[in-house]
Amino acid sequence: MANATPPGSSLGLDPNAINNLPIILHTKGEETECCICLGVFEDEEMVKVLPQCNHVYHSQCVDKWLGSQSSCPLCRACLNPFTSPLL
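Be aware that the sequence shown starts at 1, since it is given in full-length UniProt numbering, and climbs by one per residue.
Please keep in mind that the hints were generated in silico from the structure rather than gathered at the bench. The reader is advised that the hints may include incorrect statements.
[To be verified] DEER-style ranges, computed between Cβ atoms:
1) Asn19 with Glu45: 14 to 20 Å
2) Ala17 with Leu74: 17 to 23 Å
3) Asn16 with Leu38: 27 to 33 Å
4) Val40 with Asp14: 29 to 35 Å
Note that beta-carbon positions come from the ideal geometry of N, C-alpha and C, so glycine has one too.
Input sequences plus hints: build the corresponding full structure.
This is how it looks when you write it as structure tokens:
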């Protein structure tokens with residue numbers, strides 16, 4: 001049976017890498033819900049963006065996730081710079 005977990009995704013990201021992810025101001029008309037906690041983003045709330053896929057999450061939600069996983073919770077894009085393909 002094939003392993004459904006992408007390589008390197010079972011180990012979390014370095015805390016410095018997590019802290020350096022971009023944080024933006026959420027505006028009306030963008031993604032409306034954090035898929036980790038299912039909470040609705042408030043207008044003008046600060047949210048964290050994963051640069052590989054542009055998915056948006058509450059900072060506290062995605063920081064906890066990325067402490068143990070190195071992939072996007074929604075699309076599973078690999079966020080580990082050592083296992084991601086070079087662009």
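Verification of the supplied hints:
no. : hint                         : in the structure
1   : Asn19 with Glu45: 14 to 20 Å : 19 Å, holds
2   : Ala17 with Leu74: 17 to 23 Å : 19 Å, holds
3   : Asn16 with Leu38: 27 to 33 Å : 29 Å, holds
4   : Val40 with Asp14: 29 to 35 Å : 30 Å, holds
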